[in-house]
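A.B. asks: Sequence:
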Amino acid sequence: QVQLVESGGDLVQAGGSLGLSCAASGFIFSIRTINWYRQAPGNQRELVARITSGGSTNYADSVKGRFTISRDNAKNTVYLQMNSLKPEDTAVYYCNVFVGDDYWGQGTQVTVSS
Numbered sequence: 039q040v041q042l043v044e045s046g047g048d049l050v051q052a053g054g055s056l057g058l059s060c061a062a063s064g065f066i067f068s069i070r071t072i073n074w075y076r077q078a079p080g081n082q083r084e085l086v087a088r089i090t091s092g093g094s095t096n097y098a099d100s101v102k103g104r105f106t107i108s109r110d111n112a113k114n115t116v117y118l119q120m121n122s123l124k125p126e127d128t129a130v131y132y133c134n135v136f137v138g139d140d141y142w143g144q145g146t147q148v149t150v151s152s
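Residue numbers for the sequence shown follow my numbering, beginning at 39 and rising by one.
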């Protein structure tokens with residue numbers, strides 16, 4: 039079955055950096071677009087970044103120039119490198135893939151202190 043496992047969340051000071059990982063299994067990873075979403079308390083889940091099977095990327099305006107999404111098809115893993123973090127980046131970050139249905143990981147907490 040499809041599984042997504044996020045890791046790397048932590049408490050970091052504003053201006054710092056953090057790298058998240060999403061390990062995937064149960065589907066042909068290399069042909070799928072993988073998304074990173076985040077959800078802050080009281081807010082809707084929002085798309086942060088997306089990477090296609092061909093490596094094309096898209097970012098939310100709020101993270102452009104600060105976050106970088108990448109993938110390693112040999113390891114079935116997607117990464118999200120987050121630099122110049124801001125308190126408003128505080129959220130639970132989720133990995134997402136559509137394989138006939140939407141699948142989500144359990145999320146990893148990122149907290150940015152001011």
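Mixed in with the good hints, there may be bad ones.
The calculated EDC-like cross-link candidates involving lysine to aspartate or glutamate, where the alpha carbons are at most 16 Å apart (straight line), are [what the hints assert, rightly or not]:
(1) LYS124 with ASP48
(2) LYS124 with ASP140
(3) LYS102 with GLU84
(4) LYS102 with GLU126
Label pairs and their computed distance ranges (CB to CB) [what the hints assert, rightly or not]:
(5) GLY92 with ALA52: 26 to 36 Å
(6) SER152 with ILE66: 34 to 44 Å
(7) ASP139 with ALA52: 20 to 30 Å
(8) GLN77 with LYS102: 16 to 26 Å
(9) ALA112 with PRO79: 35 to 45 Å
Derived by calculation from the structure, the hints in this document are not laboratory data. Fair warning: this is a prediction, and the values are worked out from it, not measured in the lab. Ideal Cβ positions, reconstructed from N, Cα and C, are used throughout, including at glycine.
A.B. asks: Against each hint, give a clear statement of whether it holds in the structure.
C.D. replies: Comparing the hints with the structure gives:
Only pairs whose Cα atoms come within 16 Å are accepted, and LYS124 paired with ASP48 is accepted, the gap being roughly 13 Å. For the proposed pair LYS124 and ASP140, the alpha carbon gap of about 29 Å is over 16 Å, so the pair is violated. For the hint pairing LYS102 with GLU84, the CA-to-CA distance comes to about 14 Å; that is within 16 Å, so the pair holds. The hinted pair formed by LYS102 and GLU126 meets the criterion: a straight-line CA distance of about 14 Å does not exceed 16 Å.
The hint said 26 to 36 Å for the Cβ distance between GLY92 and ALA52, and at roughly 34 Å that hint holds. Checked against the given bound of 34 to 44 Å, the beta carbons of SER152 and ILE66, roughly 42 Å apart, stay inside it. Take ASP139 and ALA52: their Cβ atoms lie about 37 Å apart, and the range 20 to 30 Å is violated. The hinted range of 16 to 26 Å is satisfied by GLN77 and LYS102, whose Cβ atoms lie roughly 19 Å apart.
Taking 35 to 45 Å as the suggested C-beta distance range, the pair ALA112 and PRO79 conforms, at roughly 36 Å.
The structure does not agree with the numbered hints 2, 7 stated previously, though it agrees with the rest.
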